[in-house]
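K.L.:
Assemble chains B and C onto chain A, guided by the hints.
Protein chains in written order, with the numbering used here: chain A, 1 to 316; chain B, 1001 to 1669; chain C, 2001 to 2270.
Treat the hints as calculated values from the structure; they're not laboratory data.
Since we're looking at a predicted model, the values are computed, not measured.
Don't be surprised by glycine CBs; every beta carbon is placed ideally from N, CA and C.
The reader is advised that the hints may include incorrect statements.
[Said to hold, decoys possible] Which bits of chain A does chain C cover? Going by a derived footprint, with three or more residues having C-beta under 8 Å, they are:
id, stretch
1, 108-114
2, 179-191
3, 217-226
4, 234-240
5, 272-283
[Said to hold, decoys possible] The calculated BS3-like cross-link candidates involving lysine-lysine, where the alpha carbons are at most 30 Å apart (straight line), are:
id, chain 1, residue 1, chain 2, residue 2
6, B, K1410, A, K8
7, B, K1108, A, K2
8, B, K1268, B, K1661
9, A, K276, C, K2161
10, B, K1416, A, K215
11, A, K2, C, K2043
12, B, K1463, C, K2101
13, A, K215, B, K1108
14, B, K1362, A, K8
15, B, K1416, B, K1361
16, B, K1410, B, K1508
17, B, K1476, B, K1294
18, B, K1455, B, K1486
19, A, K8, B, K1361
20, B, K1126, A, K234
21, A, K131, B, K1420
22, B, K1420, B, K1362
23, B, K1416, C, K2043
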Amino acid sequence: MKERLAVKILSMVGTMIIMSILIFTLVELMPGDVAQIILGMNANEQSLTEMRSTMGLDRPAPVRYLEWAGNAIRGDFGESLYLKGVSVSSLIVRRGFHSLILAVAAFLLFVPLSIFLGVIAGTNERKWQDKIISTFGIITMAMPEFVLGVFMIMIFSVKLNWFPVNSTLEIGQTIFENLKIIVLPALSITILMVGYVSRMQRASTVTVMNSEYIKMARLKGLPRSYVILHHALKNALIPSITVIGMNIGWLFGGLVVVESLFSFPGIGFLVVQALKSRDIPLILASILIITFVYIFSSFITDMLYAYLNPRIRYRS
Amino acid sequence: MNKPILEIRDLSVEYNASEESVLALNKVNINLYPREILGIVGESGCGKSTLAYGVMNYLGKNALISGAINFGGENLLDKSDREMDHFRGNKIAIINQNPFTSLNPSLKLGKQLAEVAVFHRKMKYKDAMELSRDMLISLNLPDPDSILRRYPHEISGGMQQRICIAMGLMCQPSILIMDEPTTALDVTTEVVILDLCRNLVKQFDTAIIYISHDLGIISSISDRIAVMYRGEIAELAEKDELFSNPQHPYTKALINCIPRHGVTKDQKKLATIPGYITNRNKHDESCPFLERCKYSSSEGCINNYGMQEIIQGHWTACSKVSIAENEVILDKPEPRIIGKQDEVPLLNVENLTKIFPSRSKKYIAVDDISFHVNRNRVFGIVGESGCGKSTTALCIEGLLETNGGRIEYKGEDITKTWQKRSGNVLKEIQMVFQDPARSLNPFYTVEQIIGRPIKVLRGIKSKIDRRKIIIELLHKVGLSEQYINKKTSQMSGGERQRVAIARVFALKPDLVICDEPTSALDVSVQAAVLNLLVELQQETDEISYIFISHDLHVVNYISDFVMIMYLGKICEFGRTAEVFSPPYHPYTEALLSAVPEVGGGSKKSLIRLEGSVPVPDGTITGCHFHTRCPRKIGNICEREIPPKVNLTDTHYIHCHLPNEKLEKMESVF
Amino acid sequence: MKLSKITIGGIIGIVILAFWIFMAIFGSMLTPYTHVEMDLVQKMAAPSASHILGTDQLGRDIFSRIIIGSRSVLTVSVTAALFSTFLGILVGFSAGYFGGKTDEIIMRFMDILLSMPALVLAMVVVGIMEGTSILTLTLVISIVFTPRTARVARSALLTWKDLEFVDAAKIRGESHLYIMFMEIMPNALGPIIVEATARIAYSVMTVSALGFLGIGLQPPTPDWGMMVSENKSIIISAPWAVLAPTIAIASLVIGVSLLADLIQRRLINE
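With the rest of the complex left out, here is chain A (with noise of 0.2 Å):
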């Protein structure tokens, strides 16, 4: 078991370092000149050079990777390009903090939720139940989040205004300040989620319903919620596990799309932000956090799932 988690911890590592390389050298490839961006588009080529050489861009790319990463392991992202003397760090913390708790609500909306639908569904194989809930699920999967949130803010803010149509903070508000900003996001990621995760629910539990030993189980004359409970449950929530942990990569994908369309003050917001307006430093940064945070879910459900199966625990 240790040293199945070394050897985890350690690959969980060398995949950080890979795809930092791979994300300092896709944004090298991008378009676009620091000192260009910075001096703005009159300057001359005189003062673009001195620029670089002052920044220390004339330097090797992987010299200037090393100086990068090694300022990021300490918290050091530099300044922003865009909004100028904003350092980078304070940014992307204050923004993380918000997505976190985005996150977080739609997580503890959409794991229980899901797993519920899945359940139900997956005990009630081609019943009424099952088809309601399937039918539900193929829709809301095919459902774009910026769509879903479109038809959220047509009912909730347009007709009810209930909640704004944009999630934005006044300057100097904490998000505690202004909790409703949360819900409507929060709930687009939720609606979108359930129904990928409930169906994946839905597959396992259906599996288990299936298998050998629940029939065995219910021929031993156990009561059907007995062994729905006891015996079907554990093992249909199981891969449940690694399938929300996959989709914790979806969950990011969502969260950029739905905090550019409620303009909700997250680093997915700012990620696009970012983008567009070739703020390097920044978008490095906010990519790497974001994909540093994907790996270590990914992490924490591998060892879940160790954890929680027999099989693999002991497996020497």
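P.N.:
Same frame as chain A, now just chains B and C:
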């Protein structure tokens, strides 16, 4: 006889599949008496499992059931699912084929045992756990406390099945149904389960319905036997009566198609049953065996068949008892002369070793073995799962890379994988695989399947020429021309295996490796395939087979030489007759003692292997069999690799047993 | 395929898909406007006889823009799905077939690509390619989807790879290519086709999401996602301008998903 505890009356079960309905059981009548073991035997698709689950009233929603199952004065078929909970696991328990899939992988065995008592006996969990422990003790399972704390995957297959039996017995049911409980197990484990079953009846006062496709097992364990065919009982009688006086043509054919009592290919051709089982539909009122029966006459078999009691307790569904000649059971041997030339070596294997890497350790599947195969001979390899017999085959075939040793074919070194072998070697060494459903590509037609090797290895480019050869081959393996455009998914198992054999013989090979070629097939089909293999060998008179099987009867029937393997090592080698008679290697002796014999025929020695099978990771010292050997003589077995002891020119064993002990060894039979 | 076994959902899916294909090809004949033409008199006009789906804030006919948009979205998604499936088969088959170290290295690399959310990866790659055209967008989506299709192709191959007909092909000396593509692939195609269909739906979603974020196809090419974001600010006064592209996207994705579901049932479950 006393009063039956279970009466099945006119039980019919019809499944409504998407388009056609299938009659799985048709008016089955049978009684089960207290403390008897009722054996139910039949080939796949005969309805024996449907009968088992029918008794539990657990057949799924698309089953239309009629008739009655009377138990304790009540008809179980009238009970709702909820009411059935009171009977299932409590009054009637069931154990099925695969213990590993029947146990919940994520629950400890203790809980899975105890919960039965918690529900049916309203016990406290702690008391139920105590009862589970007592149950394991009474079934002689070693170290019950640790078993209760384990998960299913942490114990061996044989142990898992014993846990399932313990689970079935928790509430002392009056009926225990066992559906192929040993099919997934090795012979030496199987015999332990069979002993256990015999004791259960005395110890727990339980009646057992024992279901199996294996006539040997059924005859060794049952008091009464019901032979089933296509959803009906063909014949029902006490065991001895059934084997000494079989009436129904199907029963006779079934008994005759199994190689038994040491019969060999020189003595007798196996009886076969032409055709194969088809689904029965409810409008079909004729005798279910009609199409395949050699005594069928049009009128009687359609209108006038049905169960009759011919002697007290002996029922048969065939009314033509008087006409059916009784000599069928004795089926006069048709002596066959098998080529008798000199022994000329064809394949020489020296110090072959194959190691599979596994996580942290290694797994030595084949451990430094040497043997040779002669021209125009059948070389049998026998052993239980994990003994390395298939790995040996794959190495010879070039499908696995070896880790040491040398394979020589016609004097040429062929110790290399298939990519590096010459077309000629590839063409001459062929293989028949175990399961034709897996060895024939389902995407292609028979013509494409057989034609491809002819094109690639025999270089016959013309499609018309190939077609001619294919048709000829199909006739040779007993299939008509019409099969040429069929896909294998439309065929039965026996037909598929014939196609696979045709594909092999299309190349005119010199050496054919048959890896369990009949174990995925029903016995009646097995006989036909064995006959075919023997015929093809006789016809060409220059083919050698390496015949791999776990079935000692089959190997005894077809082989000229036999090699017995255990955990990657050779235990014994010799002419078939030599290996199957004393002196034996202790493992051979145990295997022979474990094999159930069709028609009773009690064994003299009852050797039961205890102890665990070690993992061959290179740490086993001495003889690989020492952990389980009943004839272990002392430390020497644990320390020193047993020497090769030549008993005759052609017969040797690897064992430490001194000569005087070997000489005193008695025959198992 | 027996007609009687087609589900209601499947029929709906096929009808929706046929509708959009028809619209993409012949739709422009049904409207007198082009997608860039601005009707300065009727800005933000509600749906009427002259503009069936109304106009946006620049007075452009929404129906015409939806039709022209359907062309790019269909082209990109279908091509990207096919191309990523093709790449996935190449990558997944070589990894699964050769196994061992080859498999480990290839799949490890795919895992690394997977460790970035698809949309974020697409955004970065789009960022590299200046000026997004239909071609670059197709390429980006294909690349982003390849690790996913490769996984499906690999596992489809693995279910057949260990079957003995593969051994039988080896011992008659067939080449690896023959075994992969002539022995295994015809059997393994089912789940790959299902995945390819599902990938069309994911492509539609990704194209629209990128369009919505303003990093997809560049104007004047109308893009459904872009139309949603352009008109988001007038959602209160002219909701049709947002609703029309929204419904277009949703219907197309649902149509493709229902079709994928039908294929799945036909090819795999039964």
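K.L.:
Compare the structure with each hint and give your call.
P.N.:
We went through each hint and held it up to the structure:
1. 108-114: Contact hint for the stretch 108-114 of chain A vs chain C: violated, 0 residues under 8 Å.
2. 179-191: violated (count 0)
3. 217-226: Violated, because only 0 residues of the stretch 217-226 of chain A bring their Cβ atoms closer than 8 Å to Cβ atoms of chain C.
4. 234-240: With 0 residues closer than 8 Å to chain C, the stretch 234-240 of chain A misses the three-residue bar; violated.
5. 272-283: holds (count 4)
6. B:K1410 - A:K8: violated (51 Å)
7. B:K1108 - A:K2: Within the cut-off at roughly 23 Å; holds.
8. B:K1268 - B:K1661: violated (35 Å)
9. A:K276 - C:K2161: violated (47 Å)
10. B:K1416 - A:K215: violated (48 Å)
11. A:K2 - C:K2043: violated (67 Å)
12. B:K1463 - C:K2101: violated (41 Å)
13. A:K215 - B:K1108: Satisfied, since the Cα-Cα distance of roughly 18 Å is no more than 30 Å.
14. B:K1362 - A:K8: Between K1362 (chain B) and K8 (chain A) the Cα gap is close to 23 Å, so the pair holds against 30 Å.
15. B:K1416 - B:K1361: holds (25 Å)
16. B:K1410 - B:K1508: Holds - the C-alpha atoms of K1508 (chain B) and K1410 (chain B) are around 16 Å apart, at most 30 Å.
17. B:K1476 - B:K1294: Between K1476 (chain B) and K1294 (chain B) the Cα gap is close to 22 Å, so the pair holds against 30 Å.
18. B:K1455 - B:K1486: Within the cut-off at roughly 19 Å; holds.
19. A:K8 - B:K1361: Since the Cα atoms of K8 (chain A) and K1361 (chain B) sit roughly 20 Å apart, the hinted pair holds (cutoff 30 Å).
20. B:K1126 - A:K234: holds (22 Å)
21. A:K131 - B:K1420: With Cα atoms ~56 Å apart, K131 (chain A) and K1420 (chain B) exceed 30 Å; violated.
22. B:K1420 - B:K1362: The given pair, whose Cα atoms are some 26 Å apart, holds under the 30 Å limit.
23. B:K1416 - C:K2043: violated (79 Å)
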